[in-house]
Amino acid sequence: MNLPAEQTGDFIPWEDADAKPIIRFQGVTKKFGDFTAIDNLSLDIYEREFFALLGPSGCGKTTLMRMLAGFETPTSGEIMLDGQNIAPVPPNKRPVNMMFQSYALFPHLTLADNIAFGLKRSDMPKSEIAGRVDEMLSLVQLSKFGSRKPHQISGGQRQRVALARALAKSPKLLLLDEPLAALDKKLREETQFELMDIQEKLGTTFVIVTHDQEEAMTVASRVAVMDHGQLVQVATPEQIYEFPNSRYVADFIGDVNLIEGAAKSVTKDAAVISWAEGLPDINAAAPEGLAKGDNCCFAIRPEKVSISAEKPTDAANALPGKVLDIGYLGNMSTYHVELGNGQIIKAQVANQRRLSRRAYTWDDQVWVSFTATAGLVLSA
Amino acid sequence: MFNPRRLFLILVPYSWLFFLFLVPFGIVLKISLSDAALSIPPYTPQFDPEGGWAAIRELFSGFDLENFIWLSEDNLYWKAYLSSVWIALVSVLLTLLVGYPIAYAMARSSEEWRPTLLMLVILPFWTSFLIRVYAWIGILGSNGYLNQLLLWSGVIDEPLVILNTNWAVYIGIVYTYLPFMVLPIYATLEKLDGDLLEAAEDLGCSRFQAFWLVTVPLSRPGIIAGCFLVFIPVVGEFVIPSLLGGSKTLMIGKILWDEFFSNRDWPVASAVAVVLLLILIIPIILFQRQQQRAQEAEQ
Amino acid sequence: MSRRFSWFNATSLTLGFVFLYLPILILVAYSFNQSKLVTVWAGFSTKWYGELFQNQAFMDAAIVTLKVAVVSSTIATILGTMAAYVLVRLGRFKGRTLFSGMIYAPLVVPDVIVGLSLLLLFISLGMGRGVTTIVLAHATFSMCYVSVVVSSRLVSFDQSLEEAALDLGCTPWDAFRSVTLPIIAPAVISGWLLAFTLSLDDLVIASFVSGPSATTLPMKIFSQVRLGLSPEINALSTIMIAIVTVGVVSSSLLNKRATVRRLRQEQDALKQS
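Residue numbers (the working numbering), protein chains in the order written: chain A, 306 to 685; chain B, -13 to 285; chain C, 115 to 387.
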């Protein structure tokens, strides 16, 4: 598998001040009656990006996408595509195509006719349409199925036809609305990589809407986490995971331990957080803007927490507790450790040996430990 | 496996329909092959159950196709069949033209309105057919409400002759059979996935193109069902032509009625019925097959 | 699909409903006309209603019609429900194709043919024609409509409910009575109402199979209407329309209220959990 481009360090247009975005939302607000679906949102998306809009249902991500497709118009603000305001352009005149969550394949047309549907309404000469359809069918590995109807193929194949149909007109921008939601887990994971391959091959800008954080993390070059019509954080998957900018993002993406406390002392790069009486304070890296006495939240991922029977001597943080629950996940086990004040810390331990006896079991007294930089102090 | 409960369940409705639906058809067929006679009942040969085999043989030897030959030789019947089919075809077209926009609008109205609209379309169907046809006599007559309105508004100087023409028959049919067209079309349109129309627009269709290329083809099962549901009963329609039609309106249902009640020619009436059924059997079978296919497609 | 209700949609709905309802409204309005000339308005009066109730022939016909409708629709409902059960639940048996054919055929065969064939049957059996023959005829074609209505409900009905009842110790009849019947009851009731209306409405078949002793209301109306407009018929029509409208509207309101109540209960249940 090729590494996504941004991991090789080439593709970071959002850090380049001269790069022109292909899409620019400027102060966009969308209201449905009294309900504000999108609240004064600004966002740039660059060419060749695989951009994910991630959030729970009702967060406004679908509305954002439908505004790009032209099915909704902003109440205020501007959406620019290639520097042009696209508000007055109807959906059928936009160089944007959409892959629908339901796939929306025309049941009365064959797969080939479905793919040709958009081409017949473009200025492509008739003689070239058949060739383009074949090309698209082979892109999604369905060359043999062109004459079938949508109900004669499997769900995964339908998903690929929908993709081929949306890509056939070579849109500047492809919108994918929960494209994999209808597939089962295994197929979904395979298809994620297919999507990435196709995107890389064609270089089309993809915008995907999803509520599945794993999917967003896997496929996207950047992820925008949304809540209540606003962007909470827009960053690469690594940044979102390792440096969430808020409790909301930390909690929404992956598994996390959140410990509420207050800053007892703050120096330039270290903070001491007191969080429970009678238990050791937490030593962590200080974020910008944290002042002594501030309420804050210490967030740490379970896989960054170690667990041991004896108190580790070299750890920056070590907290005593009791094993409450053990979840066996195959590749790893999750230990739920209850600390003295009732706080539960989750620690993940990789199962490196087969059928090895567990070192600890229920009700054992253990120590959980982590380094000073393993966690993150969040003020919001 | 013998199961008395199962047998009982099957046998009761089965034999009811057998004796009150199938056997009567056999009798119609039999009489259509007999000759008219001035007796009671007015046809020969009669079947004498006490005569045994000989009587049956005699019965069959008395059968002939005379009535059917008579039907084929008399222009009246030919014309009546043709004109029934023609009137039914025109009516189907008119009902479709009136009904499709209504069904389309119903399917596009908001969800909370749909049950009410549906009830409003079905409600006339529950009121007497006869009364609904009768209502048009007052409207279409030479001094009916329509002519009164048109004369008063100065659109015309002389009353239009609509009642007792084929036009009145068409109007009456469209009026009374409209729900049969609207409901199946509405049923298919209502199920139509809105995403498909958005997809069509997304792929470059104007709204009208999307309607023509997606909505219409996908509502085809409803259109076909509606057309059959109107066509089949209209061919044999009796009440509308006899109340709204004129002396020139030829419809086979009316001919059959007159043949039976006025001429008391039972064998010819039966022959008329047999031929009518033969004409209808093709659309009936087509309709059944279409329904079956629609059902399978749904599963 | 519920997007973009356009002006074209609004216009076609308006025109459609004007077309459907204006003739009926005119009919109702002119039933209160004083003049004997139905199409000339001469002031408000309810005298035709009075005359209608004085007209013994109409009253007799109405009673015959109601009797026929009640009895025939009840028979049709029982037979039709049985037929639906047979078609949906009993699987294959010898002659099933013929059976389902006989169920669907009366829905499409013209009334004139059904009427003629039944009459010829009654004559060859030597049966006296009257109320009984009309009841038999109506029950026969109505049962097919009932069976279509009931079987569509039976098809969508989860068979494991019946199996659960059997598993819990019901006899098949018990299971039918205590589980199946209550669930399909709405369909059975609407089947009965449909059969009742069809019987009230039928002119052609009744004309064939009735004798001089029994005249139904449609037959009476038809013989009057053939002679032209009559203010009494307008009054009679108005009464019939009023009954049907009240019946249909109130039943659909009850239905709607039941749906709303169920939705609310479901929401409450969700809140509690």
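Derived from the structure by calculation, the hints contain no laboratory data.
Any given hint could be a false lead.
Here's a subset of chain A near chain B, in silico, CB distances under 7 Å, partners left out [said to hold, decoys possible]:
(1) A374
(2) F376
(3) T378
(4) P396
(5) M403
(6) F405
(7) S407
(8) A409
(9) G423
(10) R426
(11) S427
(12) F603
We treat Cβ as the ideally placed atom computed from N, Cα and C, and that holds for glycine.
Verification of the supplied hints:
| no. | hint | result |
| --- | --- | --- |
| 1 | A374 | 6 Å, holds |
| 2 | F376 | 6 Å, holds |
| 3 | T378 | 14 Å, violated |
| 4 | P396 | 5 Å, holds |
| 5 | M403 | 5 Å, holds |
| 6 | F405 | 5 Å, holds |
| 7 | S407 | 5 Å, holds |
| 8 | A409 | 4 Å, holds |
| 9 | G423 | 3 Å, holds |
| 10 | R426 | 3 Å, holds |
| 11 | S427 | 6 Å, holds |
| 12 | F603 | 45 Å, violated |
Consistency note: the structure conflicts with the earlier hints numbered 3 and 12.
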